[in-house]
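*Asks:* Chains as they are written, first to last, in the numbering used here: chain Y, 285 to 611; chain P, 285 to 611; chain E, 285 to 611; chain R, 285 to 611.
Among the hints, erroneous ones may be present.
The list makes no distinction among identical chains, and a pair is therefore deemed to hold if it is satisfied within one copy or across any two copies.
Computed cross-link-like contacts, DSSO-like style, restricted to lysine-lysine with a CA-CA straight-line distance of at most 30 Å [to be verified]:
#, residue 1, residue 2
1, Lys-465, Lys-533
2, Lys-584, Lys-465
3, Lys-324, Lys-533
4, Lys-584, Lys-487
5, Lys-511, Lys-533
6, Lys-566, Lys-533
7, Lys-494, Lys-533
8, Lys-324, Lys-448
9, Lys-528, Lys-584
10, Lys-486, Lys-528
11, Lys-340, Lys-528
12, Lys-511, Lys-494
13, Lys-465, Lys-486
14, Lys-385, Lys-324
15, Lys-340, Lys-448
16, Lys-511, Lys-385
17, Lys-448, Lys-511
18, Lys-494, Lys-350
19, Lys-448, Lys-385
20, Lys-385, Lys-528
21, Lys-584, Lys-448
22, Lys-584, Lys-486
23, Lys-385, Lys-566
24, Lys-506, Lys-381
Source of the hints: derived by calculation from the structure; they are not laboratory data.
4 protein chains.
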Amino acid sequence: MKTKLRSFLLSSTMAAGLVLSSQAVTADVDLGENNWSWGKDDVLGAGNLMTANSIKAALAAVESGKIIELSHDVAVGAPYINPIQTPYVITLARTSKNMEKFLRDNAGATNEVGFYLERIEMTTHVSTHIDALGHVTIAAELYNGLDREDAASDIGLNHNGIDKSPPFIATGILIDVAAYKGVDNLEPGYAITVADLQGALKKQGTTIPKGAIVFVHTGWGKNFTAKPQHYAHTGPGIGIEASKWLASKSVVAIGADNMALEVTPGEDPKVIFPVHQHLLVKQGIYIIENVKSDELAAQKLYQTTVIMLPTKFKGATGTPLRIIALH
Amino acid sequence: MKTKLRSFLLSSTMAAGLVLSSQAVTADVDLGENNWSWGKDDVLGAGNLMTANSIKAALAAVESGKIIELSHDVAVGAPYINPIQTPYVITLARTSKNMEKFLRDNAGATNEVGFYLERIEMTTHVSTHIDALGHVTIAAELYNGLDREDAASDIGLNHNGIDKSPPFIATGILIDVAAYKGVDNLEPGYAITVADLQGALKKQGTTIPKGAIVFVHTGWGKNFTAKPQHYAHTGPGIGIEASKWLASKSVVAIGADNMALEVTPGEDPKVIFPVHQHLLVKQGIYIIENVKSDELAAQKLYQTTVIMLPTKFKGATGTPLRIIALH
Amino acid sequence: MKTKLRSFLLSSTMAAGLVLSSQAVTADVDLGENNWSWGKDDVLGAGNLMTANSIKAALAAVESGKIIELSHDVAVGAPYINPIQTPYVITLARTSKNMEKFLRDNAGATNEVGFYLERIEMTTHVSTHIDALGHVTIAAELYNGLDREDAASDIGLNHNGIDKSPPFIATGILIDVAAYKGVDNLEPGYAITVADLQGALKKQGTTIPKGAIVFVHTGWGKNFTAKPQHYAHTGPGIGIEASKWLASKSVVAIGADNMALEVTPGEDPKVIFPVHQHLLVKQGIYIIENVKSDELAAQKLYQTTVIMLPTKFKGATGTPLRIIALH
Amino acid sequence: MKTKLRSFLLSSTMAAGLVLSSQAVTADVDLGENNWSWGKDDVLGAGNLMTANSIKAALAAVESGKIIELSHDVAVGAPYINPIQTPYVITLARTSKNMEKFLRDNAGATNEVGFYLERIEMTTHVSTHIDALGHVTIAAELYNGLDREDAASDIGLNHNGIDKSPPFIATGILIDVAAYKGVDNLEPGYAITVADLQGALKKQGTTIPKGAIVFVHTGWGKNFTAKPQHYAHTGPGIGIEASKWLASKSVVAIGADNMALEVTPGEDPKVIFPVHQHLLVKQGIYIIENVKSDELAAQKLYQTTVIMLPTKFKGATGTPLRIIALH
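Bound-form chain Y, shown alone (with noise of 0.2 Å):
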């Protein structure tokens, strides 16, 4: 497993032309601050930040009722990161013709009735999806200082888990940082930086209101159904840096059209998904990842209200969810 899942980290990496220092990598990067400024039994993080006012303010800036979906399907074959993710797998484990069958000499059924129902395994964190607080760690420490001795039992987190996350409606704002550099989508590797954002906000003439929903659109998420493996195990996406300064807007959730939000492989190689561990441990603000932003990017529409309902697994990391925004 050594191999491949260096190449996922390493492989792009080559290709983006980068140099990959030889000497030792020292563990220096800055993780930024923590804003666990909820009380120490908070689970929602930034979840706080919308309220019954923010709610109402974001259903009322609806002005068509018109939809725009966000989410891909959730379908055998959806890219994930092997092997540190788990493949997607759905059959058909009743079916019409059987179940009627089995209705009527089990249960005496004369009504001609069946149905089909599917069997699913999975973990949350396939196509468009959100992963809950507590999904990602930095050493023993979860968001709000939880410790991983207490963290989880072997059927999910005890504190944050998706169960626990909010509702989400706000206002979603699209940064459309692949037009913004003119090209149809960024190259694997590329790390969108602050001025990136800050460049296309204003190009868009968009700015990024408190408690905002945020998706960064890369041009990438075209691979999700095209390429899904090569789509998985590279992608451009945001820098620490950016990560920083999205949070400092103190939005509620952050993702993009890409596997991992942040860019694959990592600005340092060696630094592994340093913006998750910023995001969801030290910010408590929660990662989207797998969006389909295309439609919303081809429209233009740089602002909306974005509505979001995460099933409540109890003690998941994530689920996958149906994300759409409304204009």
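Following the hints, complete the assembly by docking chains P, E and R onto the known chain Y.
*Replies:* Frame of chain Y, contents of chains P, E and R only:
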């Protein structure tokens, strides 16, 4: 398995004092009229009743921005009908400590990064969920006249899977039949009548607008976590005539705080799931089960704005989901 | 889950008329001596007792070539200890008709070929199975002094998985304690003593040779299919002293026709699975559970040649398996 | 999925220099004669050739008691044919530390007992395995004339599942075609002929007794762990005439060190798995795949006593298993 399923169908029949005829049951239940009025390629069914205008209006009706949650957790031990359904399993497939070691040893990670990931095995009809239109059959027929021969492959439904369902934003109407009857909960096996629905609506001062999502409150939902297996295998619910009357109001979806929306065992115990056949196959109206409607009932919030966003599991016969009511 | 597990441990204690002391239980159970005599890197444990010579002798002892089956089916509804174990699920994931169509449409197949494939979700401790040496711990310690910190990754045991177990070909000794006691089956909660084993062996005229596989027949196995949940949560079985006495005979593996080999609930209900701790951790002796020994007992075949070939699930804590006795 | 499967079927065809006719392929492959000679209710097929006498003789032939292992591990990353098969997943569902805590907190355990349990999701056709007679169809027909309509329910095969297979104890014959051809391994797409088998047997000085289990060594098995996906989607193997010739020898089972026993892609790439159809459906002869025959070949052990004991997964289409050869 024969014993167990019979018990599911008949046990509470006994408890309710109903008499099972020993004579041959004739399948003369009237499953109602087809309402396949949206064209031969339609996959939305009653979802067509939601338009940009209706959505805009539903959102504009939100006054406070406050949210009432209508979903149970999806958790180990969730009720299921054995053996026709299958159990829910979640385990922690990746753990912070092991993954920190893995990323350090295999990818040279220097930033003490770890993470948790779960593995879930499920049918989508677990906990609070919505049924796809293709879930149920009458003989070989599915919604919109689709034939069983073309309906599904081994990895799911070909046409009427939950991935085809629309986002739901509509007026939500709660019909509190338990309160109308003056009981904490209706008894298992009690079939809610048209008169019950009309009486409760009149008492509440509520009407059902076209395109609404209707929730019937039976009080049975308190057993969802307290007595999951008992809850799963019997319960009060709507009868076939009540389902036809609700369908005649041009609603989009109907849910209840029980396992099957409809009464279990059925009015005629040998006619299994006729309400499913009427609503899904004949009417294209979505069914929602295991709704957690207690808080809505306690607050007497009979009219709200309901949002539910089915996860797009490709080809799946439903999906667990988060339902919210705004007022 | 608390209630359910307590019930598993205590309910039949009541039924058996045992008295539970209310005083604080002291952990003064004697789990016996270590027998880590095969070197610090050993992973075979008592499997070392089987040699080419002993195998040749065991095979040479077969007189008729007739086979007695000692395994139950692995099937839906198989008993499991809820919630510490997990349920067995099998569904037909690929079906002849759909696959025939798929191969015709996607690969141009002209030979009307179809096939069935199932999907199985399980723990390996389902139905008739063997425990790997690494299945159980005493505090942080595993067989041969292995420490919990190094014992496992997220995909299984690192050292003592069932993939490391040898093929088993050895003299099989049946000890029919039910017959010795003159009962159809021993009562749940009955702890088989050393005297019981000695008495039964004497009555049978059997001795236990070094390197044998021992099966203890309790009669409880008749409930495996008849009352699976009752069967799983209680039962007669060997007590801790009986396990030590069997271990002193230098046996390779010990099995019984019950869920846990050992009596459930335990002799001291607050000392859970001490026989597992003694045999697996201290002695490196394999445990076999849910043995179907009724036919062997009925035929009074007290000494046979037993073969079992554990499937090499890498890192797994056991495996369901087919056991045969030849005579 | 179309592309991938085609690639599986055709890619190595190109590599092997074969020419694909563009004209319409006629399904004129001769799948051979039926050999349903054991009665209309038979479920054993060629398993009937094993008797107490033949078993006794096979055991008596063991001279040294030494064992050669013929099985690969069942492990994450095991080859599978995508998308017609499904991936293997194993995760550690219960861990020593968490279970020790659970048993202490919920059952008052005082003896520091913990344990590990895994969760496995699989098809049974993973790693070294045997096919049940009901695995494959010719149009609607299964082994012994069973019709597809009655063959299976949603939880497995009704008649010809692997739970019906006998224990296998028989003379094992290795045919080392790679050695006969003087190569390390045969090339993918190479169809082993009758002449190859005859030549190899002659060179070895071996004959095939009635009731034997035959293993064909191609050398391809070295790619099982080294290049699992390449291994899965192509390979050398026996052709249809070779399978008929082996069947004419009244063998019980035939295996090889490749994914499908038969050559992939097939001799006529549009005739998919004809050897499966001939052996399983027409002849009732069991197929064994992914045999690890390298050690047997290296030691030139052409005749041994082979034991394999299929796990009785009820209704399953096969089972992974441990195969041993004794000499």
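*Asks:* With reference to the structure, classify each hint as holding or not holding.
*Replies:* Here is how each hint holds up against the structure:
1. Lys-465 x Lys-533: within (23 Å within a copy, 52 Å between copies)
2. Lys-584 x Lys-465: Within. Shortest intra-copy distance 15 Å satisfies the 30 Å Cα cut-off; inter-copy 53 Å does not.
3. Lys-324 x Lys-533: Result: close within a single copy only, 23 Å intra versus 49 Å inter.
4. Lys-584 x Lys-487: within (12 Å within a copy, 49 Å between copies)
5. Lys-511 x Lys-533: Answer is neither; intra-copy 34 Å and inter-copy 46 Å both fail.
6. Lys-566 x Lys-533: within (15 Å within a copy, 51 Å between copies)
7. Lys-494 x Lys-533: within (6 Å within a copy, 42 Å between copies)
8. Lys-324 x Lys-448: Within one copy only: 15 Å inside, 42 Å across.
9. Lys-528 x Lys-584: The answer is within: 25 Å in one copy meets 30 Å, while 44 Å across copies does not.
10. Lys-486 x Lys-528: Intra 19 Å, inter 55 Å, cutoff 30 Å: intra-copy only.
11. Lys-340 x Lys-528: within (28 Å within a copy, 35 Å between copies)
12. Lys-511 x Lys-494: Classified as neither: same-chain Cα gap 36 Å, cross-chain 44 Å, threshold 30 Å.
13. Lys-465 x Lys-486: The answer is within: 13 Å in one copy meets 30 Å, while 61 Å across copies does not.
14. Lys-385 x Lys-324: Only across copies: Lys-385 and Lys-324 sit 24 Å apart there, 56 Å inside one copy, limit 30 Å.
15. Lys-340 x Lys-448: Cα proximity of Lys-340 and Lys-448: in one copy and across copies (22 Å, 29 Å).
16. Lys-511 x Lys-385: Between. Shortest inter-copy distance 26 Å satisfies the 30 Å Cα cut-off; intra-copy 41 Å does not.
17. Lys-448 x Lys-511: between (34 Å within a copy, 23 Å between copies)
18. Lys-494 x Lys-350: both (24 Å within a copy, 19 Å between copies)
19. Lys-448 x Lys-385: Only across copies: Lys-448 and Lys-385 sit 24 Å apart there, 42 Å inside one copy, limit 30 Å.
20. Lys-385 x Lys-528: Answer is between: at 26 Å across copies they meet the 30 Å cutoff, but 59 Å inside does not.
21. Lys-584 x Lys-448: between (33 Å within a copy, 25 Å between copies)
22. Lys-584 x Lys-486: within (14 Å within a copy, 47 Å between copies)
23. Lys-385 x Lys-566: between (56 Å within a copy, 21 Å between copies)
24. Lys-506 x Lys-381: neither (38 Å within a copy, 34 Å between copies)
Hint compliance for this structure: hints 5, 12 and 24 are broken, all remaining hints hold.
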